[in-house]
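Trainee: In the order they appear, the protein sequences are chains A, B and C.
Using the numbering used here, the letters of the first sequence map in sequence onto residues 1 to 346.
Using the numbering used here, the letters of the second sequence map in sequence onto residues 1 to 346.
Using the numbering used here, the letters of the third sequence map in sequence onto residues 1 to 346.
Treat each hint with caution, since some may be false.
Below, computed lysine to any residue pairings styled on SDA-like, alpha-carbon distance capped at 20 angstroms [said to hold, decoys possible]: (1) K328/C to N313/A; (2) K342/C to E336/A; (3) K326/C to R320/A.
Here are the computed distance ranges between Cβ atoms for each label pair [what the hints assert, rightly or not]: (4) E332/A to H281/C: 18 to 24 angstroms; (5) R46/B to H105/C: 16 to 22 angstroms; (6) R46/B to P193/C: 20 to 26 angstroms; (7) A319/B to K88/A: 47 to 53 angstroms; (8) D9/B to P193/C: 56 to 62 angstroms.
Covered stretches of chain A, as calculated for chain B (at least 3 residues, CB under 8 angstroms) [what the hints assert, rightly or not]: (9) 6-20; (10) 159-167; (11) 174-187; (12) 227-239.
By construction, these hints were calculated from the structure, which means they are not laboratory data.
Ideal Cβ positions, reconstructed from N, Cα and C, are used throughout, including at glycine.
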Amino acid sequence: MTKMLRAQDIAAMLGTELKGNPEALISGIASLKNAKDTDASFLGNRKYQDQVESSKAAIFIVPEDFDGMVLDSKAYLISKCPDMDFTKLVMYFAPEPIKYAPGIHSSAVIAESAKIGENVHIGANVVIDDHAEIGANTVILPGCWIGAEVKIGAFGLIYGNVSIRERCTIGDRIIIHSGTTIGSDGFGFVPDPRGGLLKVPQVGIVEIHNDVEIGANCTIDRARFGKTIIGNFVKIDNLVHVAHNVCIGDCSLLIGQCGIAGSTEIGRGVIIAAQAGINGHITIGDGAKVAGTSAVVKSLPPGAVAVGTPAENQRDFIARLSLPKKVKKLEEQIKELKNQLKELSK
Amino acid sequence: MTKMLRAQDIAAMLGTELKGNPEALISGIASLKNAKDTDASFLGNRKYQDQVESSKAAIFIVPEDFDGMVLDSKAYLISKCPDMDFTKLVMYFAPEPIKYAPGIHSSAVIAESAKIGENVHIGANVVIDDHAEIGANTVILPGCWIGAEVKIGAFGLIYGNVSIRERCTIGDRIIIHSGTTIGSDGFGFVPDPRGGLLKVPQVGIVEIHNDVEIGANCTIDRARFGKTIIGNFVKIDNLVHVAHNVCIGDCSLLIGQCGIAGSTEIGRGVIIAAQAGINGHITIGDGAKVAGTSAVVKSLPPGAVAVGTPAENQRDFIARLSLPKKVKKLEEQIKELKNQLKELSK
Amino acid sequence: MTKMLRAQDIAAMLGTELKGNPEALISGIASLKNAKDTDASFLGNRKYQDQVESSKAAIFIVPEDFDGMVLDSKAYLISKCPDMDFTKLVMYFAPEPIKYAPGIHSSAVIAESAKIGENVHIGANVVIDDHAEIGANTVILPGCWIGAEVKIGAFGLIYGNVSIRERCTIGDRIIIHSGTTIGSDGFGFVPDPRGGLLKVPQVGIVEIHNDVEIGANCTIDRARFGKTIIGNFVKIDNLVHVAHNVCIGDCSLLIGQCGIAGSTEIGRGVIIAAQAGINGHITIGDGAKVAGTSAVVKSLPPGAVAVGTPAENQRDFIARLSLPKKVKKLEEQIKELKNQLKELSK
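Input sequences plus hints: build the corresponding full structure.
Mentor: Spelled out as structure tokens, the structure:
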């Protein structure tokens, strides 16, 4: 049976003021652009309020400063945080989340010396090696390999086909998406006097703190010695590379396909945007922001904004972008000067 | 026993005109550069026809406008499409493809509620969760994890260690290479008033249409709500990242290590070259081309060509590249002007 | 029980000269910055010798040209190669490496026709297909899929969840980290006259020579025909993409997230730094170096250093970086010229 909701009931549920039609009825949610007349949608930023007028949605969750047209047939819910209120609607209509009941699948291969907490779910074909410890209520999905002496905290969720190498430690309430590798060797080689290259042993670990989420197909290398550290609440997108001995401060965000070279320290609340690269052995101060695809070669102070390759501050970056225009203007001025000079010398 | 072919028999097989020696004999194929005198090779583009003269190959498949030297000892097959005709030779000499006979390996773990079509091959240690559906004649190779309620069409080929999360839908005749993750959570967080970051639930799916090929170790995130869509005949190379709620039009190509940020719409027949990055919430028009390593920050109209970081049109990009030369010229002109001025003021 | 070492014993073990306190005692190792007063540390480069003075470490391994302050309470070991000598200390304090005893786990699925060498370790849930051959003393960890007719040499180490496709060949003493895919199809399509895109068959292989190390979540595509070749002692970092028919010479290094497009030849001893992209169908000469995030579009001669996008030599790159300064200077000079001209024309 299709779930339905009336505008006035949504307003009550969210505790928001309602303008327009309290009887407006929806059976789903969608973006402003894709919405049908049986959907609710939301406006995150007044800047885009034109899109509300052109949207077919029946109900809109809008910000407090919304001043667009209000149609009698539609409902407008005035929200302090449209995004979060919309999420509540999204969850109302979402299918039930998949449940992973406590238990160990018969095909899982778990070392006798491993310690498995209460209410843990271990999926099919998971392999857990000697002396590994899995905290209570953690879910480990099919095909994961958990190496020897790994410690994983409580209430974790590890999706299928994740690999975690020996001795790494992982905190509570972490989420790791499929295909990610934790604890692979750092990249370290020295020339071999006899020819070829010698591997520098990588005997440290990765230490992941609490409430961390790591995307799909990421790689986080173990330290050469000591620890590679991922702080509390750090969120890492897909295909991100964190090299050996990197340390990432609490609440920092690493967006898709960015990479951090070895031994670099990233402060708290830093944002490294997509495809950016951070050099090794440098420090990125608390709250710094690195624009997408930028390459940061030197340390950044707290709060810095870095853009470009090599990265510079926004003002210098924008000035650099405007060079073609400046050069054209110079060419014109020089032409003019030449003419004037010719006139003068006559 | 070594397979061998004479030039005149190849000409008959391909339906091409033959110049030179009809008895030229080969037992294999190779590139112009690597060919031995028992190989056939091909020239895709007349631009490189010097390489035919220096190649050791005994037989060449050449385009209709080929006008290089023709040696009596060698054979030249005049082809409308040398690349495709060469592929036929490649296939003649290729080893038999590996066959995956219908059947379910005894080590596979398949939920009772899953529906498995006719003639499906399910490899060792594959895990298929509740209510998943696998279409007829599809092949799923070892170590894959197919989540609950996933639907996969007919005649698909999914290589080993692929992860597909719950509820995603996949069309007919798709190929997914090893290590790829489909349906991981989109990257969405909001500051938690109590401190840290709150996860924005990602309850949508990935919907992959027909005849799609996805390379190795890619990540395609599920939508926050609604769908991330990969259109018909889309071809995706390795290590590509497609974020939540992205929509990719039919026949578009995403080349190695490129990334598309959230909610962006890519049109039909678009080419995103290697390592390029496409910003979120923008639109790339049909037939647009983005050069490798470019960063597209604004929407592109149909047919646009975008180059650089931030991306601009080719003319502006080339003008920007020539800036050092222009500036040098300006420096010289100013020096000259200064001298003239000095002369004049004497 | 905690291991401890005195400075004079370390000096004897390493064969180094000792300055300062021969009785200085340590129970661990750390970087200069993180060291406690019970740690040894090392100085790789005299440039950073200030960090020795501010470090809490009790024992320092320093280079022969070290001329920093020597405290009576601490020990300074004068080393020809501080990095390698420090590695010996690291290994002394490192936990025992995880042992993988010879044997085949009962859950592994191994084709009857596969040939498994002596003293091989095959972990849980590994799948090895028909006619594959695994050399003596090689270790294959949980969840790997080894395709049909693959050949792997002796003394190899393949971490969990690696996928190796049919017919690829791999030499002796190789290391492959988790999540990597070897032998996926190259990316080749041609327009289908009936609409859509046709796949160009990829029937070649990947041939990996001896002493190669490949990082986590890399992708190395099989050749369209013939071979993709990875030479002896090549070391590849994480998330690197090597396309079809690429050939990489001995002892070359490919750093994190770089990518090499199809049919390119990389010489011996080449360094491709992080996130760099190398165009297809070009040649990179022996010993060339490509800076991080650079995009190389044309062939490079041996020994070249390439920087930027598109890559140029260091001098041109640095000149380009200085353009804003040069343009500003030009603007000032033109202003001055204008003023002079105005004066003159009065």
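Trainee: Now tell me if each hint is right for this structure.
Mentor: We went through each hint and held it up to the structure:
For the hint pairing K328/C with N313/A, the CA-to-CA distance comes to about 17 angstroms; that is within 20 angstroms, so the pair holds. Between the alpha carbons of K342/C and E336/A the distance comes to roughly 13 angstroms, so the proposed pair stays at or under 20 angstroms and holds. Restraint check for K326/C and R320/A: satisfied, since their Cα atoms lie roughly 11 angstroms apart, inside the 20 angstroms limit. In this structure the supplied range 18 to 24 angstroms is violated for E332/A paired with H281/C, their Cβ-Cβ distance being about 41 angstroms.
Judged by the Cβ atoms, the range 16 to 22 angstroms given for R46/B and H105/C is violated: they are separated by roughly 57 angstroms. Taken as a hint, the range 20 to 26 angstroms holds for the pair R46/B and P193/C, whose Cβ atoms sit roughly 22 angstroms apart. Look at A319/B against K88/A: about 51 angstroms separates their beta carbons, and that is inside 47 to 53 angstroms. At about 26 angstroms, the CB distance of D9/B to P193/C disagrees with the hint of 56 to 62 angstroms.
Evaluation of the coverage hint for the stretch 6-20 of chain A: breached, as 0 residues show C-beta separations to chain B shorter than 8 angstroms, against a requirement of three. Taking a C-beta to C-beta cut-off of 8 angstroms, the stretch 159-167 of chain A contributes 3 residues in contact with chain B, enough for the three needed, and the coverage statement holds. Under the rule that three or more residues need a Cβ within less than 8 angstroms of chain B, the assignment of the stretch 174-187 of chain A holds, with 4 such residues. Given as covered by chain B, the stretch 227-239 of chain A passes the check, having 6 residues with a CB less than 8 angstroms from a CB of that chain where 3 are the minimum.
Consistency with the previously given hints fails for numbers 4, 5, 8, 9, ordered from lowest to highest.
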